[in-house]
Amino acid sequence: MPALQIPTTTPSYSHVSSYRSLQMELLLFSPSVKVIPTPWSTNHTLPVCQTGRLVLTIEGAFTYCSTVKTESYAPTPEKKRHVFYSSSKVIQVPGSDNQPRSALREVFVLKRRPSGSSIKSMVLEPRAYPFAFELPRSKRSGEEIPPTFCASDPKSTSFEVVYKVSAVWESSDPTENPSFLDVPIVLHADPDFHSLDVKADNSTSWLEMPLKSDRPVSFRCAVTLPTSVTFSRAASIPYFVVFTTTPRSATLAREIAADATISITVFSQITITETPALPITPPQTPSEESSDAASSLSGRTGAKLLRRVRSTERPSSRWNVMPDGKTFYKRQQLYSIANKLPNLSDYIVAGCRYGGPIALMRDPTRLIALGRFRSCQHQGPNPDILPSGRRLVAWDQGKIIRFGWTADERLVILNEEGTYRLYDLQGDYQQYSLGNEAGEMGVIDARIHDNGMVALAGSLVLLEVKGWEGARPLTLANPALSQPPNAWAVIPPDLNISRHVEVLLSVDSTIFSVDNLENVDQRLSQGPFTHIAPAPNGKSLALLNFNGTLLVISTDFQRTLAEFKTGDVVTAQGPVRQVEWCGIDAILVTWDNMVVVVGPFGDTLEYYYSGPSFAVTEPDGVRVIAPDACDLIQKVPAASASVFRPGSTSASAILYDAWESFSQRSPKADENIRSIKPELAAAVDECIEAAGQEWEPYWQRRLLNAAKFGRGFLDLHNPTDFINMGQTLKVLNAVRFYEIGIPITYLQYIYASPSHLITRLTSRNMHLLALRISTYLSIKPHAVLRHWASAKITRSRPSATGSGSDANLGGDDEVCKLIVDKFDQLGGGDVSYAEIAKKAWEVGRSGLATKIMSREHPTQVPLLLTMKEDRLALIKAVDSGDTDLVYHVLLHLHKRLPLGTFFRLIEDGGSQLAPASRLLQVYAREQNRTMLRDYFYSDDRRVESAVLSLEEAATMQDPAARITAVKAAQKFFSEDKDRGFESKMMDESARLLAFQQQLEKESDGKVAFFGLSINETIRACVSDKRFWYVKLQALVDSGDFDGIDAFAKSKRSPIGYEPFVHSLVAAGHSREAIPYVARCDSPKRADLYVDCGDWRAAGKECKERGDKAKLESIRQKCPNSLIARELDQLLSSMK
1 MPALQIPTTT PSYSHVSSYR SLQMELLLFS PSVKVIPTPW STNHTLPVCQ
51 TGRLVLTIEG AFTYCSTVKT ESYAPTPEKK RHVFYSSSKV IQVPGSDNQP
101 RSALREVFVL KRRPSGSSIK SMVLEPRAYP FAFELPRSKR SGEEIPPTFC
151 ASDPKSTSFE VVYKVSAVWE SSDPTENPSF LDVPIVLHAD PDFHSLDVKA
201 DNSTSWLEMP LKSDRPVSFR CAVTLPTSVT FSRAASIPYF VVFTTTPRSA
251 TLAREIAADA TISITVFSQI TITETPALPI TPPQTPSEES SDAASSLSGR
301 TGAKLLRRVR STERPSSRWN VMPDGKTFYK RQQLYSIANK LPNLSDYIVA
351 GCRYGGPIAL MRDPTRLIAL GRFRSCQHQG PNPDILPSGR RLVAWDQGKI
401 IRFGWTADER LVILNEEGTY RLYDLQGDYQ QYSLGNEAGE MGVIDARIHD
451 NGMVALAGSL VLLEVKGWEG ARPLTLANPA LSQPPNAWAV IPPDLNISRH
501 VEVLLSVDST IFSVDNLENV DQRLSQGPFT HIAPAPNGKS LALLNFNGTL
551 LVISTDFQRT LAEFKTGDVV TAQGPVRQVE WCGIDAILVT WDNMVVVVGP
601 FGDTLEYYYS GPSFAVTEPD GVRVIAPDAC DLIQKVPAAS ASVFRPGSTS
651 ASAILYDAWE SFSQRSPKAD ENIRSIKPEL AAAVDECIEA AGQEWEPYWQ
701 RRLLNAAKFG RGFLDLHNPT DFINMGQTLK VLNAVRFYEI GIPITYLQYI
751 YASPSHLITR LTSRNMHLLA LRISTYLSIK PHAVLRHWAS AKITRSRPSA
801 TGSGSDANLG GDDEVCKLIV DKFDQLGGGD VSYAEIAKKA WEVGRSGLAT
851 KIMSREHPTQ VPLLLTMKED RLALIKAVDS GDTDLVYHVL LHLHKRLPLG
901 TFFRLIEDGG SQLAPASRLL QVYAREQNRT MLRDYFYSDD RRVESAVLSL
951 EEAATMQDPA ARITAVKAAQ KFFSEDKDRG FESKMMDESA RLLAFQQQLE
1001 KESDGKVAFF GLSINETIRA CVSDKRFWYV KLQALVDSGD FDGIDAFAKS
1051 KRSPIGYEPF VHSLVAAGHS REAIPYVARC DSPKRADLYV DCGDWRAAGK
1101 ECKERGDKAK LESIRQKCPN SLIARELDQL LSSMK
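Per the UniProt record's numbering, the very first residue in the sequence shown carries number 1; after that it's consecutive.
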């Protein structure tokens, strides 16, 4: 193992401190040394691998006791730690073998654990790696890095500033645990700085000499300090001290001043502002207007989710490794629940996949105090799904047999009479029945999956329901049961190779497989089984028998994949509550206060909770709902493991390290990039994929930055995956936010599709977020708009007049207008109104349904045109909002009607046909300007006619035609008494065009004047020098000194800079003229400085040029003796 030390060639200091562990020796060189009895941390695992990397870190931290009051039973105040400075260096340690093996030998090499002698030789041959840290130095006084500090006042709040150096060895062998060494260091303050409340290392003593006054005299002392009270430690401060006595005595005051000692104490006040634990999540935020957030569910309480604090720890720090040392699992906390859930062991629970809600019903077989719980409860994973976070489902249909969730998050509740209801998240439901047989014989049990249900009738017959549209149930093959099965499960059609539902029944010691065609005995002998759990991909089964043996077999019952005895879990207490799949290669077994992940080869990981939990199988893991938290347990994805696995040498890990080095401005970045150049494209793709697997936005950004950094070294790389991942993560982070509360992973998002996520948001009435995501992902918002309109109709209440407190919701006209306006505003004009009208009819709003149905215009307009109902057809076309339909009617009428009749039809329509008028103008402006001119003339629109003439004039090349068009515009403006100014401007414009035409004739066409503005015409006629003189004089006269400076800097002056000086001096602005003297020619500067009254600058100019005669001449002209003495000094210094 390498030892950390600095070679003797390093710039040496006078002191060295040595810290040593079994693996590492750390030598710290410093200008001074102070030994203090401070312990340091280390571990003592002897390594067996010599390749890996060293991570060296220097860290400064400020620790203090929390000022926030915690629970009364807390033994000591909580200690907070804030890292204000941290710097790291990574040293890659290659192997010591100088003879690399060939590729063929590397394949067949046998890896053995080194012997004791080899380990000893490894330790006896240390390798030295120098390193150095430079503490940052602030450029501004008062912002220096703080020294080591510890408060010693027992009455004050304990706080301290500590520094340490850490060395971590990460072996390339994944089975070897990292070893570390922490060494404390002391950063001393300035030598002349003394702190009164810093804890001394040694005991201190002092001598007290009480003062006794022989002749008591009262006196006062006043100390005067500068205005600025900010100073550094090394700075000196001038001050004045005045002593006065009573009665006044100058002699006594001087005596006191001579013997007085003045000391100044500087107090440092540290203010720590902490916020208590985050409050519970507020009620649902309105997604649209306030009307959208109307709810009558106030007063109910429920579990609230808290915002999770962002974690910047390396993801691998939260991983757990299986005993095989190769497979990693992680438990990701999705949300914490402020108000704990009730004891889940007293409930029957059903969870929805893809981060959906959960439903709870009191278990009737459990003895619970009367009145403690209601009959049925349905709760979402966060308080925003429903405004209060919990909703009681009113149930009056008899005993509930089973409940579960559909793929679109509707709660299915089945009673013993075969009646089932589908509740959405707003409490609305649809009711269906399993038929007469289920009604007569009753229902014993049922299994509900995403797209259907299988019920076990009282006659022990299986009934299948396909879909959730109330289809007629189908009877499956007769299972020939004499009693209900011990346990049973369903493999959905989409997971079965036959594309039909398959029911697995545990009967005696075997399992029967039933579908719509046959019943097959699989002839097992390990039963009976208490739990049957199909894998998420439908290829494996997890079976738990009465003896506690967990079997994993293939769904064709031909292979036994694994076997595990749950009795071997020593810490497990009580019976097994659940058996669920964690992904597709591990199984989760739950007890009351713990869950165990069982790997493919019988390896286990144990996780503990504060109470009974409930597990929901997800495609990429398992979601665990505990009383105070919601977690996701999953196998660490391959991409994440490749990047963050300790000691990983994969290309993606090296790319991430290269980006970190680049961020720290380390040259190691280029070396790392060069080492993985052939695999760089794959490394970039793996970093992008790993970003999608991370939950924290902090690590998502870092991985995407690493991928972006790697893409910069690739000549060709398709950025589509990078862009799509960025968009996807933005959407996922938005819906994962604790106020939205859909903890969906990237893999689940891909499986379910973005449209499914938008549907889930709309079912929660989060229409604004759903609409924004639709727009962001370029998905048509039709589904969101339809659901929003249906929800608006459902929540509004009909009224006869649409007035009163519900005027904004109640009237049919108001609701219809609001829906139409929203569709037009959000681009949903092509959404069919038929479905919305049907919804209005279903809720009893027949009048509103009629008004909405009248929006279906495309089928009415052609018929009206055939009936020659021209005005009505045009009105319907305009009302439809279909631009193409309006154009169709306008062109049809223009072709059939006389021009005057056609224009009169549009003009008489008023505001009702204003959109048609505007569309006609748009069309005529592009296709037929003559028709547009006639339309404006017939409607007596003088201003529009004038503007049209100006537009035509701007495109004309013939000077005479352009002047004629401008004069025509002038004539139209003159006919409107409110457009006198425009008329005058058109007249001047025509005169300017005529004058420009004359200038071109005089210049024989050598200079193009026609069409220029008045300023451009002046520039063309006036020389550059004259223009500069004129503009300079104008700026000087107006006193615009900033304008003069900008004018002088605009380009090189064609008139030089002497006119600037002379003009400013002549105007009495000598001081403003001085900056321009330096830009003038050197021989003239002295005289110009004299003209400006700056005699000193004139003298310095003469001295720099060595012109003694000029300096003597200026000396004779100087106005006062003070300046004369300064000039004499300059003369005497010149030889």
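It is possible that some hints are incorrect.
Below, a list of computed lysine to aspartate or glutamate pairs in the DMTMM-like style, where the Cα atoms sit at most 20 Å apart [to be verified]:
#1 Lys971 x Asp1004
#2 Lys708 x Glu739
#3 Lys1031 x Glu1058
#4 Lys80 x Glu25
#5 Lys967 x Glu1002
#6 Lys466 x Asp408
#7 Lys80 x Glu313
#8 Lys851 x Asp908
Just so you know, the hints here were simulated from the structure itself, not pulled from any lab data.
ask   = Can you give the numbers of the hints that this structure goes against, from lowest to highest?
value = 1, 2, 4, 5, 8
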